Amino acid sequence: MASEVGVGAARVARRGGTGTGRTRRTRRSRSTAFSWAMAGPNTAVVALFLLLPLGWAVWLSFRDAGTFGPTRFTGLENYRRMFSDEVFWQAVVNTAVFTLATVPTSILLGLGLAVLLDSALPAQRVWRTVIYLPIVLSGLATALIGSLLFEQSIGIVNKLLAAVGVTGPDWQTDGAWAMASLVLVTVWVRVGFSMVIYLAGLQDVPRDLYEAARLDGAGAWQQFRQVTVPLVRPTTFFLVVLNVIYSFQVFDLVYAMTNGGPGFATTTLPFFAYQYGFEQRQQGYGSAIGLVLFLVVLAFTALQWRGQRGAVQGGA
Amino acid sequence: MTAGGWLSGCAGLTGGGSGGGGGGRPGTLSVITWASDAEAAVFRDLADRFGSENDVTVDLQVIPFEEVQTTVDAQLQAGDPPDVFRVTYTDLGRYSTTGQLLDVTPYVDDAAAFIPAFWQAVQTDGTPYGVPHHTDTTAIVYRPDLLQPAGITVPTSLDEAWSWEEFAEVSDALKASLPQGVFPFVYDWQQFGAYRWLTWLFEAGGRLLDDDLATAVVQSPEGLKALEFTQRFFTEQWVPRNTSVKSTTYPDAAFIGERTAMAFVGDFLLPGIEAEVDFDYQATFQPRDVRASSDLGGNALVATAESANAELAGEFLRFMVTEDAMTEWCARTTELPTLQSLVGQDLGYEVRPDLMPVFVEQATTLTEEDVAQVTVPAFSQVNTVLLDQLELAFLGDQSAEDTLAAIAEGVDAAIAG
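For the record, the sequence lines run as chains A and B. Using the numbering used here, you'd call the opening residue of the first sequence number 1 and step up by one each time. Using the numbering used here, you'd call the opening residue of the second sequence number 1 and step up by one each time.
By construction, these hints were calculated from the structure, which means they are not laboratory data. Please read all numbers here as calculations on a predicted model, not as lab measurements. Check before you lean on any hint, since a few could be wrong.
To be verified - Stretch-level coverage of chain B by chain A, calculated; a stretch enters the list once three of its residues show a Cβ under 8 Å from a Cβ in chain A: (1) 175–182; (2) 212–226; (3) 239–246; (4) 378–386; (5) 391–403.
Beta carbons are placed, not taken as given, at the ideal position from N, Cα and C, and that holds for glycine.
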């Protein structure tokens, strides 16, 4: 774009003019057209695959719509039904618990591992790869690995515990332990991602700050608390937003590991929406649930964004 | 009509757009199915044979069972459906009542050739929207080495099947004799199989729906008896606790993993079990109460109304239920035929042919009344209601009465649409 503007300015100069109203308008319109041309493909993709389905979901959420056949406008009926559905509220609580359990854990562990692997540790690249590996596997593959690990009768975890004389937890039939198994697999998957992002963030921390801190008598923990943590705050913000969105969207793990059970103990909002939208073929009701999920994530992200922007501008 | 006659009816097909406005390629028949390894192999062979005999290409897409419904639904919604797909009898009504399926009347030469219950299962308001491809049913496989030490003798005929009381005594005896961590049995009601709980309801003489198939009647003494008995599976620890209806642990896995002495399994699971275990196992009949019963297993093949190759699709269905094709299918998959002419015949089962008579006889306990209740258009929603509520009754503290009330409420809502 810069070169295009430059060419336009040179032409204006050759004609001996420096900005009549007409040339300014022409320049602006060319610049605008070029901007649209550059943004066009992405805008089209976003409109086609994001905004259009979103609008469609909004439309469906106000209708009695199955998978096939005609639909009927029912106003707020789907929302009224949803807010009076006990399982919906349990799904809200489950999603919140899952998010609170996974986001801080995977971020803190990721930061710890990043600091560790940023130092002079032997075989750094091997460790980084091993820790990062789960994130490149498909969600369903990791979920199946999770199923093998946490099957409570013949699963690997309980077999190992039994080998050392410990009776393993009821991973599949106790609600709290079933949720714990989802959290553990999620943290295992996500910690590598957090670690890699933090490793990049740590490169932006000036080394002389550590030197100055050491001269002031700061120990390793104080350097971490007073230098590292504040200076990677933008990275932390980025990870919090991404992880919260990920946690609110957890589906494949629930689908493959617990099927929402036992009872409804691990039924999360995306799984609840899927059950109605696809398994039960009530796409109107499923869309309403999905829309509430969308609004919650949107509101949370906006809140985080505003809060973080203020903090960063205020001087981290 | 003989198999040869049916086959000759297929002769001379060239494929090509004889049908509606779907997106299929002329001369290519698109088929979507799920399949076990054994099923996939025979499905491919039969599809290739149909293709070579008719000079067409059969594009067979094998996808996991859990993904079939969403895949087919999405393609139907997008107006680009497969020409043919495999569907459970319990889900067929959802498609047929919404105009998604081809009326296959022209492609069925002799409706009376099918076992009536399965012919009924593919009809909606008297119109056939598919062909009953095969059936399967549940029986008990057991380990003699674990039953004999407990002094248990096993029924050898349907008439001698254990009563519920006897089955409870057997389970108690096994519980007392089995090593720690091994359970008396496991039942096959996980996930999409939640409806198999109805076998106990039917055995007790109960019904899920009334005669008009419009209202739930599960809140009955028979319903209470069935639910309280099946709750005992968990309270008495006759089954591993992690094999409830929402579990991802299936009965064949528990049996193969030597966690149970007996397993209620469909005959289609025998090839997988046979390949994995190195202990002896035999088969016997499901327990009976007021009557014997079983579940409506197996699947139909259907063609889509919008198929661009409707005629070719219809002929493919005709081919797949010829005596020859059905015999080969059943022999290689250890599944049961739906043609009356093949019932009682030696089909040459490739895996454990000695056990198959038990499954064949067990399948005869399914009545047309049972079939009608599990093939209502909303049955996939009914199955979800059973899944949710039975889980609460088995693993939660929901009482039998409350569970039946919740099932009745959910089923009524599903039926009402």
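Please check whether the segment 391–403 of chain B has three or more residues whose CB lies within less than 8 Å of a CB on chain A. As far as the segment 391–403 of chain B goes, the hint holds, because 4 residues have Cβ atoms under 8 Å from chain A.
Verdict on chain A covering the segment 175–182 of chain B, criterion of 3 CB contacts below 8 Å: Coverage by chain A is violated for the segment 175–182 of chain B (1 residues, Cβ < 8 Å).
Coverage of the segment 378–386 of chain B by chain A, judged on three or more residues with CB within 8 Å: Coverage by chain A holds for the segment 378–386 of chain B (3 residues, Cβ < 8 Å).
Check of the segment 239–246 of chain B against chain A for coverage (Cβ-Cβ below 8 Å, three residues minimum): holds (count 5)
Do three or more residues of the segment 212–226 of chain B come closer than 8 Å to chain A, measuring C-beta to C-beta? Per the Cβ count (0), the hint is violated.
Hints 1 and 2 from the list above are not met by this structure, while the remaining hints are.
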